[in-house]
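Top line first, the protein sequences correspond to chains A and B.
End of the first sequence sits at 225 in the working numbering; the numbers just go up one at a time, nothing left out.
End of the second sequence sits at 733 in the working numbering; the numbers just go up one at a time, nothing left out.
Do not rely on the hints blindly, as some may be mistaken.
Said to hold, decoys possible - Per the computed footprint, the stretches of chain B lying under chain A, defined by three or more beta-carbons under 8 Å from a beta-carbon of chain A, are: (1) 218-227; (2) 309-321.
Said to hold, decoys possible - Heads up, simulated DSS-like pairs for lysine-lysine below, C-alpha to C-alpha not over 25 Å straight-line: (3) A:LYS106 to A:LYS117; (4) A:LYS225 to A:LYS156; (5) B:LYS245 to B:LYS409; (6) A:LYS156 to B:LYS369; (7) A:LYS221 to A:LYS78; (8) A:LYS117 to A:LYS156; (9) A:LYS106 to B:LYS245; (10) A:LYS225 to A:LYS189; (11) B:LYS409 to A:LYS117; (12) B:LYS369 to A:LYS106; (13) B:LYS391 to A:LYS117.
By construction, these hints were calculated from the structure, which means they are not laboratory data.
Just so it is clear, CB atoms sit at the ideal spot from N, CA and C, and this is done for glycine as well.
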Amino acid sequence: MGIGTTRARLTVLSLLIGFNGLACGSSPSSAPLTADAFGAQYKFADNEISGWTQDPSDPYSTYTGEEYVQKVDGAAGAYTEKGCRVTMYQSLVGPDPDLCTVLAMDFVTDTQANTMFTWKKQDQNATIVIPPYDASVAIASSTLTGMNVIAHFKASYFELALSGFGAQTGQCTACPVAVQFLDMLKSKTK
Amino acid sequence: MPANPSPKRRDFLKTAAAGAAGAVGLSALKFDKLFAQSTGGWVNGMPINPAIDNKRVICCHDTKMLTSTPANNSFTTTNNAVDAAVVASNLDEMAMQLAQKTTAAEAWGTIFRSSKPWASTRVAMKTNGIGGTTTNRPKWAIYKKICDVLVGLGVQPANIVLFDACDDASSYYNPYISLTDSTKIRAAQTSVRAAGMGGFAAVTLTNATAISIAADLNSGAIDILVNVAACKMHNGTGGKYSYGSCTLCMKNHLGTFTDASKAQHSDNLHNLQALFEINKHPAILGGTPVRQQLCIVDALLSNGASGPGGGWDNRTDRLVMGTFAPIVDYLSATNILLNSTLMASSPIPQAGITAAATILPQFLTSFGYAATDPQWIAYEASSPLAINPSGTGGTSGTGGTTGAGGTTGSGGTTARGGTTGSGGTTRTGGNTASGGRAGGNTASGGRAGGNTGMGGTSANGGTSANGGTSASGGSSQTDTGGTTATVGTTSAGGSSSTGGTATTTPTGGTSASTTSVASASGGSPITGGTNSAASAMGGMATSAPSASGGSRMTSTTAAGGGPGSGCSVAGGGRPATRWGAMLALGAMVAEKLRRLVGNGDHSS
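Starting from the given sequences, assemble the full structure and let the hints guide the process.
Quick look at the structure:
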């Protein structure tokens, strides 16, 4: 076996590792994804959820580590100090007047993602359960126009801001939409 | 267009000097120094606007400012729900309440000042470009109204610019901006970060490193800074709620100042001391007149649980206005953001409430104020509070916008007792009392009026102040007006005034003799009684009509002590200073001297 063959195998191996990393995304054992690769993993294509498309006035974006500061300024610290490594931000427009902003964050380990979720759940006093998801996995708090959802799957942590649904004081009218997004995010998390 | 209206201050000083300083031999020059505005940033006690008390904050509640609850959080949907005409009308009324002027034109002319002709005056309006389309940010209707006011004064639309030097806000506001279309915000296109503000300039701060600022603010090329902030919770670095749990006018300047090395970052500024430092900086509070002249919190919609980058989650239907950001923020946070009733649909997290209890008071103490200082003046748009016409401290006891305590007589010719004014029956004189203050905390004239003294916290014209219901001299009076001057419940040493039917014997005043005073609020002539009260200042007087401000005794003069002392000098809400005390004391001494040499006519 020549050197060239060895190199070729190493190259293939590297590609496989890289590809595996891309596929696994948030697996703690894989090579860390770039912000762009992580974002691509979770980005919603137009009508991937029927009726929901990219908001043309609010560009899709990704951030590395504390660069998320660019999006939310001082509020980024709440995430980066708990281990957020990269962030994807996407704003989607649904059936009028529904809107959904999606934050997907790589916390590197399941534990850190869970820590983020637990802190946020307690901080926001989130109590709206979104069946079939258990409250330890996804939960929401009402706003005047909808609800803010937090969730975590493996090492990834998510926030959805759903508006256009009215306050969720009685029946959770936003829950079915939240479930659609959560199901998709879960399926994107390898 | 008139140029700079700031000479009003000088006129006032001239009047004050004529009325009192002349008597005590202080020069007008000293008064100029006394009231000169800083060009070097914040100094404790400094008036942002000599005609408006730093501590005065107006809050208007009106559910009609939104035609309906916006269906979603988008910037467009939210702004479409705003009734710009109602917002404009409310801002006019708020300006009148803030400046205590009976017309909007007068009020705005009092609030906005420039050392340049209006046509060459440059104005920057801080906005906020953080987050995305669903982030809560100030409504366009507010900027439109302020621009209309400025253009009405003579400012050129091309000389007005909205900016956020940290996060580009142009995509949000530019659709609402035009140099010529009067249905839009008449201003230049929104600055892309600092590009429209002369670029960035490095600044050295004690509490943050590697910081830049919009250059035209730092150089003073911008004459007027208007700070408009959305009403939002802030969870601070690491979720520690380390900025008082809010992002309002002060925090809005993380975006006037930014990190020098990284675009769209203000990480280095995210600590409480840096927040205070930049809000004392000459770029913000320097200039003559002071650059940041108006602070508005847009609380039509507020963020409770959602952080600074989030969408609004509560409908609070309020606008807040003041001249001094730390107090505007303190009061907005305590009365709106931390109000669980108003923020019921999505309240601030408990950790934020807990942190605010210790951090918010620092908004005051770091600028030399105490928790008892701020004045939250809230009203329903349908029933605005009375505004005192100027100059009437006298007979009617209103204290007047300007009146009271004046140089001459009741109510004062010139005013200034003003906004606060002494004399008022109650509030009319104003809550705060300028004249009062002036006479001041320290001053004799001042002390005389009011429970706490003119000058005192509540001051002349204040609820209980001179002329006030319970009158000057107040119960605890101890001051020059007489250690005792007081007469308690009613009248007071207060010269005269107040009303009272009352009265117990003034305890204390030198000559305090009387009893049964008639009333007179506002320093109006004492109507009643020959014996009327002793006066405050020392309890000298007697049966004379007195003026508001209080104390005074002899006929023609006013309150606050010696002729025109205290009040007139002090003026509208200006914080008391030892100079004011000296002045008032001087006036009192002069008065006593006059009496000794037979110069004083103490009859009415």
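Tested hints:
Remark: the region 218-227 of chain B is not confirmed as covered by chain A, as 0 of its residues place a Cβ nearer than 8 Å to a Cβ of that chain, below the required three. Interface restraint, the region 309-321 of chain B with chain A: violated (0 residues with C-beta to C-beta distance below 8 Å; minimum three). With a CA separation close to 17 Å, the supplied pair LYS106 (chain A) and LYS117 (chain A) stays within the 25 Å bound. A C-alpha spacing of about 24 Å is found between LYS225 (chain A) and LYS156 (chain A), which places the hinted pair at or below 25 Å, so the restraint holds.
Restraint check for LYS245 (chain B) and LYS409 (chain B): the C-alpha separation of about 23 Å stays at or below 25 Å, so the hint holds. For the given pair, LYS156 (chain A) sits about 15 Å from LYS369 (chain B) by alpha-carbon distance, which is consistent with the 25 Å threshold. With a C-alpha separation of about 13 Å, the suggested pairing of LYS221 (chain A) with LYS78 (chain A) holds against the 25 Å cut-off. This hinted pair checks out: LYS117 (chain A) and LYS156 (chain A) have alpha carbons roughly 14 Å apart, not beyond 25 Å.
Annotation: proposed proximity of LYS106 (chain A) to LYS245 (chain B) is violated, straight-line Cα distance about 38 Å (limit 25 Å). Proposed proximity of LYS225 (chain A) and LYS189 (chain A) is supported: the alpha carbons are some 8 Å apart, at most 25 Å. Proximity of LYS409 (chain B) to LYS117 (chain A) is assessed by CA-CA distance (about 33 Å); at most 25 Å being required, the pair is judged violated. Distance hint between LYS369 (chain B) and LYS106 (chain A) is fulfilled; the C-alpha atoms sit about 19 Å from each other, no more than 25 Å.
Among the hinted pairs, LYS391 (chain B) with LYS117 (chain A) is consistent with the structure: their alpha-carbon atoms are about 22 Å apart, no more than 25 Å.
Checked against the numbered hints above, the structure violates hints 1, 2, 9, 11; every other hint is satisfied.
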